[in-house]
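4 protein chains.
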Amino acid sequence: MNGPSGPTDSSLSIANSSAESVAADELKQFIERIERLEEEKAAIAGDIKEVFSELKGRGFDVKAVRSILRIRKQDHSERQEQDAILELYLQALGMAA
Amino acid sequence: MNGPSGPTDSSLSIANSSAESVAADELKQFIERIERLEEEKAAIAGDIKEVFSELKGRGFDVKAVRSILRIRKQDHSERQEQDAILELYLQALGMAA
Amino acid sequence: MNGPSGPTDSSLSIANSSAESVAADELKQFIERIERLEEEKAAIAGDIKEVFSELKGRGFDVKAVRSILRIRKQDHSERQEQDAILELYLQALGMAA
Amino acid sequence: MNGPSGPTDSSLSIANSSAESVAADELKQFIERIERLEEEKAAIAGDIKEVFSELKGRGFDVKAVRSILRIRKQDHSERQEQDAILELYLQALGMAA
Numbered sequence: 001m002n003g004p005s006g007p008t009d010s011s012l013s014i015a016n017s018s019a020e021s022v023a024a025d026e027l028k029q030f031i032e033r034i035e036r037l038e039e040e041k042a043a044i045a046g047d048i049k050e051v052f053s054e055l056k057g058r059g060f061d062v063k064a065v066r067s068i069l070r071i072r073k074q075d076h077s078e079r080q081e082q083d084a085i086l087e088l089y090l091q092a093l094g095m096a097a
Numbered sequence: 001m002n003g004p005s006g007p008t009d010s011s012l013s014i015a016n017s018s019a020e021s022v023a024a025d026e027l028k029q030f031i032e033r034i035e036r037l038e039e040e041k042a043a044i045a046g047d048i049k050e051v052f053s054e055l056k057g058r059g060f061d062v063k064a065v066r067s068i069l070r071i072r073k074q075d076h077s078e079r080q081e082q083d084a085i086l087e088l089y090l091q092a093l094g095m096a097a
Numbered sequence: 001m002n003g004p005s006g007p008t009d010s011s012l013s014i015a016n017s018s019a020e021s022v023a024a025d026e027l028k029q030f031i032e033r034i035e036r037l038e039e040e041k042a043a044i045a046g047d048i049k050e051v052f053s054e055l056k057g058r059g060f061d062v063k064a065v066r067s068i069l070r071i072r073k074q075d076h077s078e079r080q081e082q083d084a085i086l087e088l089y090l091q092a093l094g095m096a097a
Numbered sequence: 001m002n003g004p005s006g007p008t009d010s011s012l013s014i015a016n017s018s019a020e021s022v023a024a025d026e027l028k029q030f031i032e033r034i035e036r037l038e039e040e041k042a043a044i045a046g047d048i049k050e051v052f053s054e055l056k057g058r059g060f061d062v063k064a065v066r067s068i069l070r071i072r073k074q075d076h077s078e079r080q081e082q083d084a085i086l087e088l089y090l091q092a093l094g095m096a097a
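These protein sequence lines are chains A, B, C and D, in that order. Each residue of the first sequence is one higher than the last, beginning at 1 in UniProt numbering. Each residue of the second sequence is one higher than the last, beginning at 1 in UniProt numbering. Each residue of the third sequence is one higher than the last, beginning at 1 in UniProt numbering. Each residue of the fourth sequence is one higher than the last, beginning at 1 in UniProt numbering.
Nothing false has been slipped in among the hints.
All copies of an identical chain are treated as equivalent in the list; a pair is satisfied when it fits inside any one copy or across any two copies.
Once the Cα atoms are required to be at most 25 Å apart in a straight line, the calculated BS3-like pairs of lysine-lysine come out as:
#  : residue 1 : residue 2
1  : K63       : K41
2  : K28       : K56
3  : K41       : K56
4  : K41       : K28
5  : K49       : K73
6  : K28       : K49
7  : K73       : K28
8  : K49       : K63
9  : K63       : K28
10 : K73       : K63
Worth flagging that the hints you see were computed from the coordinates, not collected in a lab.
Work the whole structure out from these sequences, hints included.
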């Protein structure tokens, strides 16, 4: 099994006991793959932030847009049922809009 | 089953169909209990924040104190094993302190 | 300034250079104060969890109760304005309930 | 100003008062852009998760790899200073490894 026991061949490999046997190359590749993916993810998060500031600049309400995005992820009937229960509780507590 | 079907007696009770039958009193009590507990929790979070600003004011390093708090939650042997593996990887990657 | 430079008197104190001068007692007290507060906070979080499972057991809808708690934190007029904008957008997108 | 007041031309536009004037097309495009970006972001988060399960399968320690990723984001001298303070505090509290 590879990993901490590391490949036995000449390349540096990871053994439970000492650094020399760490499969350094393999570990490094995993880390660099994750770092590249994290960078891509951060870039997209930045793009999303930009779209929000763009729509805000166009006069749209950010909170309402976030609610719409959340609602669009919900199953329609589930959303209707949830809205009905909430309305029922709001009325019971004298909080209906 | 109590709850949305609500108690059948005179007090307002919750029925699946209409607001009037919501066990309003019971629902209100649950909500107020949670609100009181959330207030207590927020107050303690405030106290923790105060202790951190106090120790910072006394010249202690907040990040290091947070690390100490995290380490103190760890099982000692687990911490030693974790430190050993990290050191092994750091050396393998030429990053040892 | 106390803290990492630590008191000069006999009690162990923290100096930038060596562990001996760390104001150990003071640091320990800060840490133990935070740990006690964290424990209290975790206990209250547990109590809140219990209330939710109790109301769930009584047949109430947890999601709806969370919405009610969120709405009760909102300023009434702010909530009405937010609901109005959301309804406006839902209708514009053909998503009105 | 565009946005809730919406373009005056024939396309459906959003006005503060009624749904008809909401710049529906524009709002829809913003929402669909965000949804596409959120999908891309979720896909990359999935890729990252896969790399972690791959490296775990290869015998590497996930926690240690996460620590390495965090350390690689840190400025080297900042890390050294942070490690030194932590070691100082650990020794002062009799917790040194």
